[in-house]
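S.K.: Chain H is already provided as a structure; the job is to place chains G and D on it using the hints.
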Amino acid sequence: MIPTLRTGLALGVKLALAYRFEALVQLLSASVVALLSWSLWTAVFRDRATVAGQDGPGMISYVLVAWLITTFYGSRVDQELAARFREGLIAVDLLRPWDLHLHTYARDLGRAGVALLLSTIPLLLLAGSLLGLKPPEQLWTWPVFALSLLLSHAIGFGFAFLVGLASFRLRNAAGLTHLKATLIGVFSGSLIPLDLFPEPIRSLVLLLPFQGMSHTPAILFTERLPFVQAMGPLLVQLLWALALMLLGRFLLRGALRALVVQGG
Amino acid sequence: MLIEAHQLRRTFSSFERRQGLSGAVRDLFRTGGQERVAVEGLDLRVRPGEVVGFIGPNGAGKSTTIKMMTGVLAPSSGTLRVGGLEPHRQRQEHVRRIGVVYGQRTQLWWDLAVIEAFDLLAGIFEVPAAVYRQRLELFDRELGIGPLLRQPVRELSLGQRMRCDLAAALIHAPPLLFLDEPTIGLDVEVKRRIRELVARLNREEGTTVLLTTHDLAEVEALCPRVVLIDHGRILLDGSVGELRERLGGWRRLVVELEGEVDPGALSAALEGLPVTPTLTAGQVELRFRRSELSAPLLIQALSARLPVRDLSVEEEDIEEAVARFYGEQRA
Amino acid sequence: MRPSSRSVHGPSFGRRPAGQPGDTFGSGYPGPARSRLGLWLRYAAMRAKVRLAYRGDFALHALGDLLVAGIAIVFLVSLFSHIPHIRGWSFPEILFLWGMGEVSTGLFFVLFQGLWALNQQYLLRGEMDRVLLRPLDPYGQIMVDHLNLEDLPIVLLGLAMIGWALPGLPAFSLAQWLLLPLFLLCGVLVLAGTLTLFSCLGFLIHHRGTAIGVVYQASAFNRYPLDIFPRPLQRLLTFVLPFAFIAFFPASWYLGRTEWLLGAAVQPLVGVGLFVGARWLWGRALRRYRSPGS
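Protein chains in written order, with my numbering: chain H, 4 to 267; chain G, 3 to 333; chain D, 169 to 462.
If you're looking for bench data, these hints aren't it; they were derived computationally from the structure.
Please note that a few of the clues may not be correct.
[To be verified] Among chain G residues calculated to face chain D with C-beta under 7 Å, some are:
id, residue
1, Gln109
2, Asp113
3, Tyr134
[What the hints assert, rightly or not] In silico EDC-like links for lysine to aspartate or glutamate, alpha-carbon gap of 20 Å or less:
id, chain 1, residue 1, chain 2, residue 2
4, G, Lys193, G, Glu183
5, G, Lys193, G, Glu222
6, H, Lys17, H, Asp96
7, H, Lys17, H, Glu83
8, D, Lys217, G, Asp113
9, D, Lys217, G, Glu157
[As the list claims (entries may be wrong)] Chain H regions said to be covered by chain D (calculated; three or more residues, Cβ under 8 Å):
id, segment
10, 33-41
11, 48-62
12, 184-190
13, 195-207
Since the structure is predicted, the reported quantities are computational estimates derived from the model, not experimental observations.
The beta carbon of each residue, even a glycine, is placed where N, CA and C say it ideally should be.
Next up, chain H with everything else stripped away, as it sits in the complex:
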């Protein structure tokens, strides 16, 4: 398990570094959107003190963090996996002496780590100095936020992995990838603060796995909850991460069996 993780991580880092230009593009794209939503929310709070129970600085910090961490957890594993199945390269993967699911996770974690250093952290620093993103006041927030980020990546990965398997089964990648983007866009908090949803919907959305991607890290970063209460959302994140990972492993086995039967 440890060697698989290590080689996967190393490969992910190497690949991510090879795509430096793409990292730069991602950084610029993300900052454009950040600037846009900062402008919008600043304008919104010019005429009022609170929206959906949140004050201006709190909401703007939430929106910025929720959006900027998409550069970290935003996994393309679904597209990669679909492409490997489509091009028959999955047969090559299976020849390698590693656990494919774990390897893919480690590789995406490597990718995310590079993105964290090259995109997410610079963007958060930039937002902190230019757009009024408030850093946490309590010391304990940092480790909790870090843990939450790791789990948000696991959820993002787990979901993307399932989408990748589904596009293999349905023999369609583009449609499902868009569906994935929509679900994450609407329900993760990355583009729409979940507090904006009217009450019954809001509570339902908080039960879905997607809220663990942006909403939970964002409320932890903005210190909406005291330490003890903060453990609740973190636990929910952990449970979803585990559930999605296990489901991915289980379904991968089925997909590979189908692959063997169909011969690709």
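M.R.: Relative to chain H, chains G and D alone:
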């Protein structure tokens, strides 16, 4: 003259990627770089109706030359006129009169059926319907593409695809045809069909053909005129016979002897003759130039001193000759 | 030489008597097109046919794009369920502005998807060679090759947003109705012109990545009222990356704001000028094309 190139030159700027993120950023804004000369002062004249073979090692500048002549690349300097036009500046007018086949990649649309691609090309090149029909019949007869027409291009095998690509390039009956390694990786039968069609078009329609290839058999079969090119310069321009002559006209005499070869007797027999022997088990291989030494004389000298059992004279393979020639030029 | 009668045995031969134009091989070739436009339409129809041939794929793709575009509607509806307006802009007003932007963007994606393929497919993998070997405008060939009918539903979504906004807006004059299509089309040209301009970089910088994604991302600013942005950003969006011309300036006229009347008045000029200029520059940049592998 159909093609007139004078001091044609093309350079490319190339640079190494820099390391690290800052390197990547700086690379974005770098415009200069090292100049790499692909074609250097090329002079070439081609008359209508000629079939000219371009040969040379990889990176010799063959493809770059073809790309300039087809209008795809702009020359860095020098003049180039094809049929009175400047290919790069008057590209759209120019490409109406030429057909181009690249062996390495298809020019058809991957997802269209072959016939759909042909229809579209006929429309683009404004081929009259009756002419189009005749062309398709000709191509089916010569290349056997009839059964392939309904298939999407992406499902064709290499040989099938190349036949369709050739047909596509010829649909508008261009008077000038460029073939850039058209038979690379093809089997003997497909190669033969392609060569036959090209030869026929040249004979019957007077199509001028420029061909680049690594396959010297192809040059020998098709091209009365050969242009040998390396490092973007023309090393030789003449007939296949002249090519052989200039490449040295080397021959090889293989002699089988009774019993062990006596090196002393051998060197005594070859005393004063312009020939280099190679000894192998029970055999002697002798390389010599046709212009310097006649085969009967050599055989006579040998059989006077050595117990010859059998012998044979071979012309040097042109491929070997060209490879050796490049080696000498570079040395 | 082989006997010519062999062709009769070919699988697609002899179905109809020869001699009628375009019938051999079951080809539907009708002869040369009467005009350039006719040829382009034939070309486009061929591309469309191929795309539509994979119907399931097409439908899923179209649905996916529609869903992604729909995120914005969810956002706007939820935001405006908490507040009546943003700096004086009401929900129907924003909806109208957004709808105009969506129509132009949708059309842009239908027609100009090829810009995204330019770097990787045409410049680095060398498919530009094929394009250059045909006596047709290269830019047009690339755009037609990537004709993207999947995004037509986005245009419909935009129109639906405009329709949804109308009851909450003062009535438009006849002139406003008549000019609406012009503004929408010129909005496409603003977007296409700007991105075409940036796509020229691909000829100078040989890299598989492309910067136009970022520029496109920035075009999202066109759907927000210009006056919510800081001054420097407003100038940027007017004079440097003129995305305010895509939808905001014309929309402001429909919404009865007079501050940006000049912007609305010159929008068609900006669109046409920008696009023509960008196309010219693109043609110049094309001369720097270096075919790979030469």
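S.K.: Decide, hint by hint, whether the structure agrees.
M.R.: We went through each hint and held it up to the structure:
Contact between glutamine 109 of chain G and chain D, as hinted, is supported at the beta carbon level, the nearest pair being about 4 Å apart and thus within 7 Å. The interface hint given for aspartate 113 of chain G is met, as the beta carbon of that residue sits about 5 Å from the closest beta carbon of chain D, less than 7 Å. Interface restraint check: tyrosine 134 of chain G against chain D, minimum CB-CB distance 6 Å, threshold 7 Å, status holds. Of the supplied pair hints, the one linking lysine 193 of chain G and glutamate 183 of chain G holds, its CA atoms being roughly 11 Å apart against a limit of 20 Å.
As the CA atoms of lysine 193 of chain G and glutamate 222 of chain G are separated by approximately 13 Å, the hinted pair is consistent with the 20 Å bound. A distance of roughly 18 Å separates the Cα atoms of lysine 17 of chain H and aspartate 96 of chain H; the hinted pair therefore holds under the 20 Å criterion. Taking the CA atoms of lysine 17 of chain H and glutamate 83 of chain H, the gap is near 16 Å; set against the 20 Å cutoff, the hint holds. Restraint check for lysine 217 of chain D and aspartate 113 of chain G: the C-alpha separation of about 11 Å stays at or below 20 Å, so the hint holds.
The suggested pairing of lysine 217 of chain D with glutamate 157 of chain G holds, with an alpha-carbon distance near 18 Å, which does not exceed 20 Å. Coverage of the segment 33-41 of chain H by chain D holds [criterion: at least 3 residues with CB-CB distance below 8 Å; count 4]. Figure legend: the segment 48-62 of chain H, annotated as covered by chain D; annotation consistent (5 residues with Cβ-Cβ distances under 8 Å, at least 3 required). Coverage of the segment 184-190 of chain H by chain D holds. Counting CB-CB distances below 8 Å, 4 residues qualify, and the rule asks for three or more.
For the segment 195-207 of chain H, the stated coverage by chain D holds: 4 residues have a C-beta nearer than 8 Å to a C-beta of that chain, and at least 3 were required.
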